[in-house]
Every structure is written in C-alpha cells, then in structure tokens.
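Chain by chain, the residues:
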Amino acid sequence: MPRIDLPIDKNWAWGGSSGSGITVAVVDSGVDATHPAVGAIDRAVALRWDPETEEVISTDGPHEDLFGHGTACAGIIRRAAPDATLWSVRVLGSRLTGKGVVFAAGLRWAITQGARVVNLSLSTGREDYFGLFHEIADEAAFAGVVLVCATNNVPAPTYPAQFSSVISVAAHDGHDPLSLDANPAPPVDFGAPGIDITVPWLSGSTIVSTGNSLAAPHVTGLVARILGKHPDLTPYEVKTVLRAVASNAVAQGASDDN
Amino acid sequence: MSPDELLRELGELATSLGPAVRPAGTDELLRSLTETARRLFGAAACSLALLSEDDSELHYTTAAGEGADDVTGLRISSSHGIAGWVVQSGQPIAISDLDNDPRFSRGLAEQTGYVPQTILAVPVETPQRMLGVISLLDRDTRRPGAEQDMTLLALFADQAALALASVERFNVLGTVLLAALAESATSNDLVLALRRAAGELRAADADLAALAATFAALARRGAAERRLALAVLRDIGEYVERRPPRPR
Numbered sequence: 000m001p002r003i004d005l006p007i008d009k010n011w012a013w014g015g016s017s018g019s020g021i022t023v024a025v026v027d028s029g030v031d032a033t034h035p036a037v038g039a040i041d042r043a044v045a046l047r048w049d050p051e052t053e054e055v056i057s058t059d060g061p062h063e064d065l066f067g068h069g070t071a072c073a074g075i076i077r078r079a080a081p082d083a084t085l086w087s088v089r090v091l092g093s094r095l096t097g098k099g100v101v102f103a104a105g106l107r108w109a110i111t112q113g114a115r116v117v118n119l120s121l122s123t124g125r126e127d128y129f130g131l132f133h134e135i136a137d138e139a140a141f142a143g144v145v146l147v148c149a150t151n152n153v154p155a156p157t158y159p160a161q162f163s164s165v166i167s168v169a170a171h172d173g174h175d176p177l178s179l180d181a182n183p184a185p186p187v188d189f190g191a192p193g194i195d196i197t198v199p200w201l202s203g204s205t206i207v208s209t210g211n212s213l214a215a216p217h218v219t220g221l222v223a224r225i226l227g228k229h230p231d232l233t234p235y236e237v238k239t240v241l242r243a244v245a246s247n248a249v250a251q252g253a254s255d256d257n
Numbered sequence: 000m001s002p003d004e005l006l007r008e009l010g011e012l013a014t015s016l017g018p019a020v021r022p023a024g025t026d027e028l029l030r031s032l033t034e035t036a037r038r039l040f041g042a043a044a045c046s047l048a049l050l051s052e053d054d055s056e057l058h059y060t061t062a063a064g065e066g067a068d069d070v071t072g073l074r075i076s077s078s079h080g081i082a083g084w085v086v087q088s089g090q091p092i093a094i095s096d097l098d099n100d101p102r103f104s105r106g107l108a109e110q111t112g113y114v115p116q117t118i119l120a121v122p123v124e125t126p127q128r129m130l131g132v133i134s135l136l137d138r139d140t141r142r143p144g145a146e147q148d149m150t151l152l153a154l155f156a157d158q159a160a161l162a163l164a165s166v167e168r169f170n171v172l173g174t175v176l177l178a179a180l181a182e183s184a185t186s187n188d189l190v191l192a193l194r195r196a197a198g199e200l201r202a203a204d205a206d207l208a209a210l211a212a213t214f215a216a217l218a219r220r221g222a223a224e225r226r227l228a229l230a231v232l233r234d235i236g237e238y239v240e241r242r243p244p245r246p247r
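Chains W and U, in that order, are what the protein sequence lines are. According to numbering that gives the first Met the number 0, numbering within the first sequence proceeds without interruption in unit steps and concludes at 257. According to numbering that gives the first Met the number 0, numbering within the second sequence proceeds without interruption in unit steps and concludes at 247.
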C-alpha cells in the first residue's frame, strides 16, 4: 500500500496532544466512572425503550455499567487520550426489544449534544435499520462528528460500520496502541489492537479480552488526540490523517518488506 | 367468496400446514454443528442459546461437551452476562480470564458443573433478526490457526442462522407464500390484494401447529405408525362426540 505523500506523520498528527478539549462519547453498556483506569465521566445518560408508550426514555445522571464492556472501551480511550472529556451513553442492558431505535437515539443524542468523537463498539445487521443509520451517519458527518465503529467478523453488512462516512475498525494482532494498519479493501478502514487486550471491567477489575469492539476505541483515542491538535479537521480529513500514518503504508517505489 | 377472502383462507391453510411439512432434522443438524465446532476448536463445550419470542431470555437449546446435559434447557436473562452482551451489541467477544470477571454468570457455570476459564461467543443473526449466540468454552488456543477462531466460529453461527431461518419460514408459511406471490405478481391489484392478505394473516394456532408437527413426525416413521396415530385420533374423536357436554 503506497504512502500518502504529504508531510503528515504521527508527530504532526497527534504529537504533544492528549485529547484535551475534545469530547468523546462512548455509546455502549454504560461506564463505571469509579474504575481507576477510566477517570472522570463528565456526562452520563441511560436510554431504554418503554414498550407501554413505545418511546425511548432517557435518564440523565451517573449509572453503572451493566456488562463491563463500556468500561473497557472507556479505559482504552482514556489510555490513548488522557485529557479527553468522556461521556457515557448507555443504550445496552435493558430489554432487547426496540434496541435498534434506542441505539439510534443514543447516537443522535451524542451528536446533537456536541460530542466530537463517538465510539460505537456495537452494530446491527438488521436491514430495517439501514435507512435510519445512514441518515444519522450523514448527520454526524455534516456536523463534523467522527463516528468510530467496530465491524463484525462476518462478510454481511452491519450498520453503521458499513457506511463510507464512518471510520470502521477491525482487530489486528499488534499491541502498540499508537499503531494502526490501513485496509486497502473496504468497507473495513483500519486494523488496530484488539487481540488479548487487558482492559478495565466490572467492580474495579481488569480482564483480558479479544474483539473488534476493543479495536475501535484504540482508534477513537487517536482521533481525539488528532482533533485536540487540529480541531478544524472534518471526519474525512481525519480519516486521511489516519491513512497517512498507517504502519503498513510504504513510500512509493519501496518494497513492502522495508 | 371474494378474492381477498380466498387469499386469506389460502394463507391460513398454508400456515396451519407449515409445521407438518417442515423439513425434519434441524435439531439434529444443530446438535451436530455444536459437536463439530467443539471438536474442531478443541473446546471443552459448545452451546447454542436462542432468544425467546420477546427477546427477554436466552434459552440454551443445544449443547455439546462438558455440562451439556445440564445447560440444555436453561434460560437466562438477555440483559446481563457475556452472552447477553453479544446479542445486544451484535459483536463477537472473547475473554481469556473469566475468573477475573466478578459478575461472570458463575451461577450458570456451577449449575452446569463446569466452571470455564475462557469463552468465545459470537452472535447468530439473519438480516431480519438477532436469533441468539454460539459460545465455545475453553477452546485450545495453542492449535495452529487459532487466531482465526472468531471468524471461523462466525461461519458456524451463519450455518445455524440459515437452519433456524428455514424452520421459521415453515412456521409462518402462509405469510411467506403470499409475500412470495406478491413479489412475483405483475398486476397492481393482485399485488395489493396479496400484501393485504399477508398483512392480516394471524399466527398458526399453537396446538394445531403442534398436532401437525407430531403427525408429520409419525408419518415419517412409516405407514403402520401413521395408521396407529389415525386410529387413536379417531377413537378420541368418537369419545368426545359421545361424552356429555361440559358445563360452561
């Protein structure tokens, strides 16, 4: 894969930035703000589907993590971008019915409330939601909000990871949190560490886990650092910067073995 | 009879007969699938859990290996645990030190007499619906190619989803039939009538569906069994005719 021939390297991209001034929303199972590896959660909202009124109900204020996974994602982002502002948007954990609508409402909440980066380590393969998530992905892109989405491991499309305006991430077997690979064959954009990653979990514990859902927050953290240093970049420009610093990119004419 | 009524009756008939003509062997296929996965991955156990109709529970329908007999039939909430997260997030996950997870469903593990150290769980879904989760416990991660386990298990999950979707089609055969006709019809009136009829179709009566499926299973065993079932059913019919009406 040829290198993008611009004066962009990791130092230009995020050197000296800790994500300060950038708000990152973790749309997941909630975040345990008392976990030492997570630190402060500035805003928290929990959304659920009310089958009686057929509406999404949202509750502001601190909440617990119902599974452990949101805490894991927040920990990875905190490690990469220690001074970023973290929000927790809990969309998983209550009933599964209406899940797609709750997920969409949580994502919209993050975009309209002013998050700059949203980590989505979840996806839906349901065709019914194609249109809804496409619309939200466009809203995010036009508002300058970067959506970082974990892909699934199956060839079938999952949303919103499938869309070109989001940054879609799969796990590769590296462990350097500042290293990512660009994928020449879409729809997956990047590979980032996601295999046997030590992450914060429930009740102050840590576990070793594997999944694309843990690769996405590595990229989310890097995006927060990039935006901390270059706050005016659009989502597409952020993707270009990530592509420019990909570890598997080589100079034109150079061998891939170099 | 109006064309609308005719279509509705046709749909209802198809939905009633669906369970009787459902392909046999899905349970055996899923059992074989979990056993094959268990052996291929060198795992202690492999299980398939399906979401209940209202999505609130995961029902362990099929299992192979350690604790298989005890886990089969168990129902757990889909709102917690690793399997719950997988069906909620649509994402596969692996955890390699479960004893560090303070809320890991140890109760479940202890009920089945097997406490695993590692789990790999992937979603089972079709483009229409999340169906459930396949879990592997304590797979051999030192085998060559083990780094591809998540992708490979997802292929098993796809097979399970195809088998389950095929069964589901026979459970709502009338709706499937009318929708397929609407898809291929060229006249606008016919398309509208078919769509209307498909939309109004009710689910099959559960007892009738069970009766049809039981008869189909007996019929497959042979002519003698079919005759025996018919004779017993006729006797029951005569008895019901003869007995005094039940007080209301």
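Keep in mind that the hints were calculated from the coordinates and are not lab data. Any given hint might turn out to be false.
Among the chain U residues that face chain W by a calculated CB cut under 8 Å, a handful are [to be verified]:
#: 1; residue: L50
#: 2; residue: Q90
#: 3; residue: N99
#: 4; residue: P143
#: 5; residue: E146
Label pairs and their in silico Cβ distance ranges [said to hold, decoys possible]:
#: 6; chain 1: U; residue 1: T185; chain 2: W; residue 2: E134; range: 28 to 36 Å
#: 7; chain 1: U; residue 1: D69; chain 2: W; residue 2: D8; range: 18 to 26 Å
#: 8; chain 1: U; residue 1: T213; chain 2: W; residue 2: P50; range: 31 to 39 Å
Ideal Cβ positions, reconstructed from N, Cα and C, are used throughout, including at glycine.
Against the structure, the hints:
1. L50: Cβ of U/L50 sits 7 Å from chain W, so the hint holds.
2. Q90: 4 Å, holds
3. N99: Since the shortest Cβ distance to chain W is 5 Å, the answer is holds.
4. P143: 15 Å, violated
5. E146: Holds - the Cβ of U/E146 comes within 8 Å of chain W, reaching about 6 Å at its closest.
6. U/T185 x W/E134: 28 to 36 Å: 33 Å, holds
7. U/D69 x W/D8: 18 to 26 Å: The hint (18 to 26 Å, Cβ to Cβ) is violated, given that U/D69 and W/D8 are roughly 57 Å apart.
8. U/T213 x W/P50: 31 to 39 Å: 34 Å, holds
Hint compliance for this structure: hints 4, 7 are broken, all remaining hints hold.
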